[in-house]
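For chain B, the structure is supplied; the task is to place chain H on it using the hints.
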Amino acid sequence: MAASTGKSFVSRFGVHIAVLVFVVIWTIPTLGILVSSLRDKDQIIASGWWNSFASSSQTEAARLPAASAQTQKDGKYVIEGNIFGDGAKRAISAFGTKAAAPTQYKAGTAADLGDGVSLQVNSDGSFVLSSPKAFEGDRGQRVYYASSAPPKFTTENYDAVLFAEGIGRSFMNSLTVTIPSTVIPILIAAFAAYALAWMRFPGRALLIAVIIGLLVVPLQMSLIPLLKLYNGVGTFFGVPSKTYLGIWLAHTGFGLPFAIYLLRSYIAGLPREIMESARIDGASDFEIFVKIVLPLSFPVLASFAIFQFLWVWNDLLVAMVFLGTAPDQIVLTAKLNALLGSRGGNWEILTTSAFITIIVPLTVFFSLQRYFVRGLLAGSVKGG
Amino acid sequence: MAAQIFSAIFVIIIGVGGCVAYFWGANKLLDLVFPSRGVSGSAAVDNLRRQGLVRPWLFVGPAMIILTIYLIYPVVETLRLSFLDRGGENFVGLANYQWAFGDHDFRNSIFNNILWLAVVPAACTFLGLIIAVLTDKIWWGTIAKSLIFLPLAISFVGASVIWKFIYEYRGEGQVQIGLLNAIIQYFGGQPQVWISLPLWNNFFLMIILIWIQTGFAMVILSSALRGIPEETLEAAVIDGANPFQIFWKIMVPQIWGTIAVVWTTITILVLKVFDIVLTMTNGQWNTQVLANLMFDWMFRGGGDFGRGATIAIIIMIAVIPIMIWNIRQANKETGGH
Numbered sequence: 004m005a006a007s008t009g010k011s012f013v014s015r016f017g018v019h020i021a022v023l024v025f026v027v028i029w030t031i032p033t034l035g036i037l038v039s040s041l042r043d044k045d046q047i048i049a050s051g052w053w054n055s056f057a058s059s060s061q062t063e064a065a066r067l068p069a070a071s072a073q074t075q076k077d078g079k080y081v082i083e084g085n086i087f088g089d090g091a092k093r094a095i096s097a098f099g100t101k102a103a104a105p106t107q108y109k110a111g112t113a114a115d116l117g118d119g120v121s122l123q124v125n126s127d128g129s130f131v132l133s134s135p136k137a138f139e140g141d142r143g144q145r146v147y148y149a150s151s152a153p154p155k156f157t158t159e160n161y162d163a164v165l166f167a168e169g170i171g172r173s174f175m176n177s178l179t180v181t182i183p184s185t186v187i188p189i190l191i192a193a194f195a196a197y198a199l200a201w202m203r204f205p206g207r208a209l210l211i212a213v214i215i216g217l218l219v220v221p222l223q224m225s226l227i228p229l230l231k232l233y234n235g236v237g238t239f240f241g242v243p244s245k246t247y248l249g250i251w252l253a254h255t256g257f258g259l260p261f262a263i264y265l266l267r268s269y270i271a272g273l274p275r276e277i278m279e280s281a282r283i284d285g286a287s288d289f290e291i292f293v294k295i296v297l298p299l300s301f302p303v304l305a306s307f308a309i310f311q312f313l314w315v316w317n318d319l320l321v322a323m324v325f326l327g328t329a330p331d332q333i334v335l336t337a338k339l340n341a342l343l344g345s346r347g348g349n350w351e352i353l354t355t356s357a358f359i360t361i362i363v364p365l366t367v368f369f370s371l372q373r374y375f376v377r378g379l380l381a382g383s384v385k386g387g
Numbered sequence: 557m558a559a560q561i562f563s564a565i566f567v568i569i570i571g572v573g574g575c576v577a578y579f580w581g582a583n584k585l586l587d588l589v590f591p592s593r594g595v596s597g598s599a600a601v602d603n604l605r606r607q608g609l610v611r612p613w614l615f616v617g618p619a620m621i622i623l624t625i626y627l628i629y630p631v632v633e634t635l636r637l638s639f640l641d642r643g644g645e646n647f648v649g650l651a652n653y654q655w656a657f658g659d660h661d662f663r664n665s666i667f668n669n670i671l672w673l674a675v676v677p678a679a680c681t682f683l684g685l686i687i688a689v690l691t692d693k694i695w696w697g698t699i700a701k702s703l704i705f706l707p708l709a710i711s712f713v714g715a716s717v718i719w720k721f722i723y724e725y726r727g728e729g730q731v732q733i734g735l736l737n738a739i740i741q742y743f744g745g746q747p748q749v750w751i752s753l754p755l756w757n758n759f760f761l762m763i764i765l766i767w768i769q770t771g772f773a774m775v776i777l778s779s780a781l782r783g784i785p786e787e788t789l790e791a792a793v794i795d796g797a798n799p800f801q802i803f804w805k806i807m808v809p810q811i812w813g814t815i816a817v818v819w820t821t822i823t824i825l826v827l828k829v830f831d832i833v834l835t836m837t838n839g840q841w842n843t844q845v846l847a848n849l850m851f852d853w854m855f856r857g858g859g860d861f862g863r864g865a866t867i868a869i870i871i872m873i874a875v876i877p878i879m880i881w882n883i884r885q886a887n888k889e890t891g892g893h
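Taken in sequence, the protein lines are chains B and H. If you read the first sequence in my numbering, its first letter stands for residue 4, the second for the next number, and so on. If you read the second sequence in my numbering, its first letter stands for residue 557, the second for the next number, and so on.
So that you can see chain H by itself, here it is in the shape it has in the complex:
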């Protein structure tokens, strides 16, 4: 273990030192090859121009190489693999896609993903907005926000253990140590095995993600609410609007842009939801989702890369509209800068 710590520290030094050495060295080399100081005027201008052509690429080079290996090449390769068989050797055309749409697990995953997409972003945004508005009105709002924000720092696996403990089931008549069943039993209800309850179990898994992500929505929306010009609110008050009218007709319309950002961010997260399903049910009792199904196919029986890649492509297709929207927004904002 000590050896491991030393090797980790060693790597940090090597890695960081290597990066520094590269940037510093490459820069130095450029200055040596095209000197701009100590040469005649016109030569210096020429060399400066040449430096200006090369230097940006020295700066972005390492990032471009890593992005190409870890993201751009894999996207192309995954697309190619989705047309190949399990070992990635023979071309099978659309067979993987045909398989997918006939497969029970896949169809179940699509259904569940749509369910997640319909519920989680909406619930997080709605709850986040309400909490943001309420906490802005009280003196201990900052503390309240911190506490609601806290689950965002917890891993999905940790959160799953936390909630599994809440959903814990004991036979009827026994002492319930899971909070939910204890409450149900206290009020005279029947304890339930929540995570295997058909259809409803999906919602019990969604609650975990909502619990984690509401804090995110709250923080972003809270700062957007602060940006609303006071005058618009004051004008509404003078005109005799009640708090609900102010909220729905004055505040919400002014922060539509932020609501959209929060919504799409959580949507992307939901498309990739994996850890919660793996640790809570591993897709049993009809709770499968695409990301977990893909992981399953990557390793099931030595792995079927063709089918795994196909599922990844389906997730990607769902993300593409958001991607295009993001790029458009960014282009609009930078406007040529």
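Just chain B, same shape as in the assembly:
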């Protein structure tokens, strides 16, 4: 494209900056959950994920042991111990005894608390409180301290989510739903598309119009009648109404108009001469379809497969209506939705689960982007 106007240095620089801003805005959200999913769960709530490469520091309070813990040493009464109990890997930088000045004293120095009482808190959390007089009372000294922890990245969240939270199982369920729902429509649509493109029969134009009309029919129109139908079939034959077979067929049905539309417009564009010379050689329609049309249509079949795969994998509505919520049927999107309710504040679980649900589509998308874009360009009348 000729963008030859205004090619001053400033305007070109401006374009780079503008695009960079867009790219940053568009990638930061995803980056946020990726980084968070790899962080220690305590650190996720202690600091924003953009700080995750710096040490996270926070100010906390603790109460030292009460008078009963004191021992006598060199004529002084002493209380010793570690603020962290069992040496957590945090480093104390400063401490104090008043809420108004929580970082009054540097770690490792002795603070004079008056009446000869002194307190020393070291950076590893150990403390010594000593006094010439015996300590009294059953409430220990209050201590405030600022501590920092080095950045810590871990895959623990993935372990927890995959096995304890059931995301691993849902991942398998999603694959179980997605693969047949992608493969089955392709064949059915390909035959129909060929017939609509190259065979003459009455009502063909009407059928094409119907399919283009069905492209935009909202899914919502189908839900209630199909739910009733499935329940009816289930009761009649005494089988469960929420089955994998049911959702495979439903996704096939919902994907067919787009599949036929996309494939037909491609197949109709194949060169007429090839078909006619094959026909003159005595090939039947079936042979032409299998030996000529199918191999030539590979790019468009791939486009549709990617579309359908992404759409089924990412679908929540159809899965919630036609599948159950038991562990053996719940798909990733539905599971993630359930976790949002039950684990609303556990960001280590939510971010990790979310990243697992998007990893497959992202891989498919990046490796097959060319076909995806081609399909998008050919079929952009469908509403998602």
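Treat the hints loosely; a few may be bogus.
[Stated by the list, open to error] Each computed SDA-like pair below joins lysine to any residue, with the alpha-carbon atoms no more than 20 Å apart:
1) K888(H) with L209(B)
2) K828(H) with K584(H)
3) K231(B) with R642(H)
4) K888(H) with G272(B)
5) K584(H) with F289(B)
6) K693(H) with K101(B)
7) K245(B) with A559(H)
8) K155(B) with F87(B)
9) K584(H) with G206(B)
10) K245(B) with F174(B)
11) K888(H) with A208(B)
12) K109(B) with S151(B)
13) K245(B) with F566(H)
14) K44(B) with T158(B)
15) K693(H) with G17(B)
16) K888(H) with L210(B)
17) K231(B) with A559(H)
18) K828(H) with M872(H)
19) K245(B) with D852(H)
20) K828(H) with M879(H)
21) K888(H) with G206(B)
22) K136(B) with S151(B)
23) K693(H) with I20(B)
24) K584(H) with I291(B)
25) K101(B) with S133(B)
26) K294(B) with R282(B)
27) K888(H) with A212(B)
[Unchecked claim] Computed footprint of chain H on chain B; a stretch qualifies when at least three of its residues, placed anywhere within it, have a C-beta under 8 Å from a C-beta of chain H:
28) 24 to 36
29) 49 to 58
30) 71 to 77
31) 121 to 128
32) 168 to 182
33) 258 to 269
34) 314 to 324
It is worth saying that the hints were derived from the structure and are not from the lab. We put the beta carbon where it would ideally sit given N, CA and C, even for glycine.
The following block gives chain H in isolation, referenced to the frame of chain B:
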């Protein structure tokens, strides 16, 4: 779990094998019933003609059956159900429609849907167009486009989690772990509970869809921009047009058709928006939309199919103009082929 994987593989083989067997078998059968080879000339011609009458229906048959069960019958049935009561047994006339227009949630949904329709398609198309034009001018444009395009592969639920994390709210003075509130606090502002902020919360939900769909608009518009003949741009440059004039007066008018396609595609998507609202607010704080309200009525208290169907019909009515426009366009393009 292993059993499940095996059954899935088994089904793929059965399903695909079944389809192949049907098409191959039906075709074979047709050749046997009306043989065209090895019979006398006139009989062969007759049989070929008969084959030609039957074979198309063998090819489109399975698709027609599935489309009828999963789309055509449900459309008729939903229309019928919208005139029946909650169990779908007694005729209630227009009672469901009367209920709908008096119902607070329904009116709120209509209002919000209109808001979504006014904002999202416009924002996506506008941003997509700008990014398409800008990225065409720089050497790393393809990488930039890939990254902006990427959210299109993410599920609405996944995107909702991503953005919920950005909107996360902590009490004032606490460490904000949500990016938006952290920025607000950094500049001395007051952290907010974004998703329950009256009226504005709708826009915070819309941002998610805009984030997802801008890449779609960008890709389609970018390819349309490439199709603009160089001469028109060169002529404009020679005539001394500045970049803005070139953009608004030369480029945009030439891609109106594509802009319309992008706009309508996103419009249809917006009418059906469901997952984002369900996962972010479930319609609380006046963010309800039609598709989520319908889902709600399908299952609320055992389900009210009459009201659910009525809401579906309302969504359908909004789609019909686009449907007619699409069919007309397609007829024009194929022009009898």
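Quiz item: Of the numbered hints stated previously, which ones are contradicted by the structure, given in increasing order?
Solution: Of the numbered hints, 2, 6, 9, 17, 22, 30, 31 do not hold.
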